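Novice: Here is how the chains run, residue by residue.
2 protein chains.
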Amino acid sequence: MKVYGTSVSGNCYKIKLLLHVLKIPYEWIETDTRKGETKTQEFLLKNPVGKVPLLELDSGEFLSESNAILYFLAKDTDFFPKDLLIQSRILQWMFFEQYSHEPYIAVNRWLIHFQNKKDDPKIPNNHTKGLDALKIMNDHLAKNQFFGSEKPSIADISLFAYTHVAEEGHFPLSDFLNLSSWLRRIREIPDFIPIY
Amino acid sequence: MKVYGTSVSGNCYKIKLLLHVLKIPYEWIETDTRKGETKTQEFLLKNPVGKVPLLELDSGEFLSESNAILYFLAKDTDFFPKDLLIQSRILQWMFFEQYSHEPYIAVNRWLIHFQNKKDDPKIPNNHTKGLDALKIMNDHLAKNQFFGSEKPSIADISLFAYTHVAEEGHFPLSDFLNLSSWLRRIREIPDFIPIY
Numbered sequence: 001m002k003v004y005g006t007s008v009s010g011n012c013y014k015i016k017l018l019l020h021v022l023k024i025p026y027e028w029i030e031t032d033t034r035k036g037e038t039k040t041q042e043f044l045l046k047n048p049v050g051k052v053p054l055l056e057l058d059s060g061e062f063l064s065e066s067n068a069i070l071y072f073l074a075k076d077t078d079f080f081p082k083d084l085l086i087q088s089r090i091l092q093w094m095f096f097e098q099y100s101h102e103p104y105i106a107v108n109r110w111l112i113h114f115q116n117k118k119d120d121p122k123i124p125n126n127h128t129k130g131l132d133a134l135k136i137m138n139d140h141l142a143k144n145q146f147f148g149s150e151k152p153s154i155a156d157i158s159l160f161a162y163t164h165v166a167e168e169g170h171f172p173l174s175d176f177l178n179l180s181s182w183l184r185r186i187r188e189i190p191d192f193i194p195i196y
Numbered sequence: 001m002k003v004y005g006t007s008v009s010g011n012c013y014k015i016k017l018l019l020h021v022l023k024i025p026y027e028w029i030e031t032d033t034r035k036g037e038t039k040t041q042e043f044l045l046k047n048p049v050g051k052v053p054l055l056e057l058d059s060g061e062f063l064s065e066s067n068a069i070l071y072f073l074a075k076d077t078d079f080f081p082k083d084l085l086i087q088s089r090i091l092q093w094m095f096f097e098q099y100s101h102e103p104y105i106a107v108n109r110w111l112i113h114f115q116n117k118k119d120d121p122k123i124p125n126n127h128t129k130g131l132d133a134l135k136i137m138n139d140h141l142a143k144n145q146f147f148g149s150e151k152p153s154i155a156d157i158s159l160f161a162y163t164h165v166a167e168e169g170h171f172p173l174s175d176f177l178n179l180s181s182w183l184r185r186i187r188e189i190p191d192f193i194p195i196y
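Going line by line, the protein sequences match chains A and B.
Residue 68 in full-length UniProt numbering sits at position 68 of the first sequence, with consecutive numbering throughout.
Residue 14 in full-length UniProt numbering sits at position 14 of the second sequence, with consecutive numbering throughout.
Isolated chain A (complex conformation) (with noise of 0.2 Å):
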C-alpha cells in the first residue's frame, strides 16, 4: 500500500507510527501540502477532500481521514480491541482528539513553529483551548495508564501525534506530569519510530 503524506504532520506521522508497530510494509509518497501539492487536479481526483494522509490500497482504492485510516489498518490488531464499549471509548478519543484537541494545537504549532505567524490572531484562543485539552487528558491519566483500553489503542497513536510536540505550538507540557509519563509509555511500544 501506499501512503501520501507530508512527513511532519501530525496526522501523517499517526499512520507512519502504526504501520511501523503493525510492521505492515508500505511505501510513502511525499506530498506536501506547503508546496500545495494536495490541491492539485491530479491530488483532488484520489482525495477531493485535499488533504493528506491519504491511503492507496493495491486494488486502487482511496481512503482518507487520519483516524478512519488508522481503524482500516488496525481493526483486527490488538490496538482496537474487540469489546464493543472499549471500541467505542477509543473512537470517543479520536473523535475528542480532531474536534478538540488538533484545530487547537496543531494550528498552534503550524502557525508558530512551520509559518513563523507569532502574531497571528487565532493564537490566544487556540492556546486556551489547547489547554483545555490537554488538561481533560492528564486528568484522565490520573487514573488511566492509556486512552480507551488498559493497553495502548490507535486512541493513543492518535492523541500522540500532535500531543508530543505541542511544544512546537507552545503548549507547556511539562506543567502536566501524567502526560509526560504517558509519552514515555507511548515512545516505549516496540518498533516506535519518531516523527522527525
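Please keep in mind that the hints were generated in silico from the structure rather than gathered at the bench.
Among these hints, one or two may not hold up.
Okay, derived cross-link-like pairs now, EDC-like style, lysine to aspartate or glutamate, Cα gap no bigger than 16 Å in a straight line [what the hints assert, rightly or not]:
(1) A:K46 to B:D139
(2) B:K46 to A:D83
(3) A:K122 to A:D139
(4) A:K122 to B:D132
(5) B:K39 to A:E27
(6) A:K75 to B:D132
(7) A:K39 to B:D120
(8) B:K75 to A:D83
(9) B:K2 to B:D58
(10) B:K82 to A:D76
(11) A:K82 to B:D76
(12) B:K122 to A:D120
Predicted, not measured: the structure shown is a model, and the values here were computed from it.
Since chain A is already given, all that's left is putting chain B on it; use the hints.
Specialist: Relative to the frame of chain A, chain B by itself:
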C-alpha cells in the same frame, strides 16, 4: 439507556434519530447547553468534556462524542455493514463531518439562528468553508446514493443532522441538487423522526 441532550442540537439529534430507526427504547434527559447545564459540577462528573450528547448505559457507564455513540449503537446493524473498507469509509465521512463540516455549518446555524449574532466576525469564513463541505458532499452524491455504503449508514445519520438544517445558518441548500435528493432519501428511512 439514557441520553443527555439539547433537543435543537444536531449532534444530539443524531442519537435520537438512530435510536428511533433502530427501535431502541431510551430515556431523554433534556440538558440545555444554552442554560449552562453541561458545565455544572454534577454534569462534568459524568462527562469531563462538558458536552452533550452523552449516553448513560444501564451499567452506569458513560459514552460521549456523538459519532462514537452512533458507532456503539449501530455496530451490529445494517447501519454499519461488516466489510472493513466500507466501515472505514463510513468512519472517513464521520471524521469529515466533525472536522470539515460541523465546525462551520453548525456554528453558523448557532450564531445566526439561535444566538442572533448575525455580525459575528467568524461567519464569513465559516460560510466559505461550509460551502466547500457541501460541495464535496454534493459531488460525491453525483455517483453515489449514500455516504460510505450503498445503503444508509451512520455516516448518513451523522451528515444529515446539520446538513438538513443548514439554511438556518444561511447556507443555500437548494443550490445543491444531489444533496436535496439525498435529504429526501434519508427522510424515507422507516421510523425517521424530524429534529423539531
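Novice: Now look at each hint and say whether the structure bears it out.
Specialist: Quick rundown of the hints versus the structure:
A distance of roughly 14 Å separates the Cα atoms of A:K46 and B:D139; the hinted pair therefore holds under the 16 Å criterion. For the proposed pair B:K46 and A:D83, the alpha carbon gap of about 21 Å is over 16 Å, so the pair is violated. The suggested pairing of A:K122 with A:D139 is violated, with an alpha-carbon distance near 26 Å, which exceeds 16 Å. In summary, the hint linking A:K122 to B:D132 is not supported, as the alpha carbons are separated by about 21 Å, beyond the 16 Å threshold.
With a C-alpha separation of about 46 Å, the suggested pairing of B:K39 with A:E27 is violated against the 16 Å cut-off. Of the supplied pair hints, the one linking A:K75 and B:D132 is violated, its CA atoms being roughly 31 Å apart against a limit of 16 Å. For the hint pairing A:K39 with B:D120, the CA-to-CA distance comes to about 29 Å; that exceeds 16 Å, so the pair is violated. For the suggested pair B:K75 and A:D83, the alpha carbons sit about 11 Å apart, so the restraint of at most 16 Å is met.
In summary, the hint linking B:K2 to B:D58 is supported, as the alpha carbons are separated by about 8 Å, within the 16 Å threshold. Distance hint between B:K82 and A:D76 is fulfilled; the C-alpha atoms sit about 13 Å from each other, no more than 16 Å. About 13 Å separates the Cα atoms of A:K82 and B:D76, which keeps this hinted pair within 16 Å; it holds. A hinted pair counts as satisfied when its Cα atoms are at most 16 Å apart, and B:K122 with A:D120 qualifies at roughly 15 Å.
Checked against the numbered hints above, the structure breaks hints 2, 3, 4, 5, 6, 7 and satisfies the rest.
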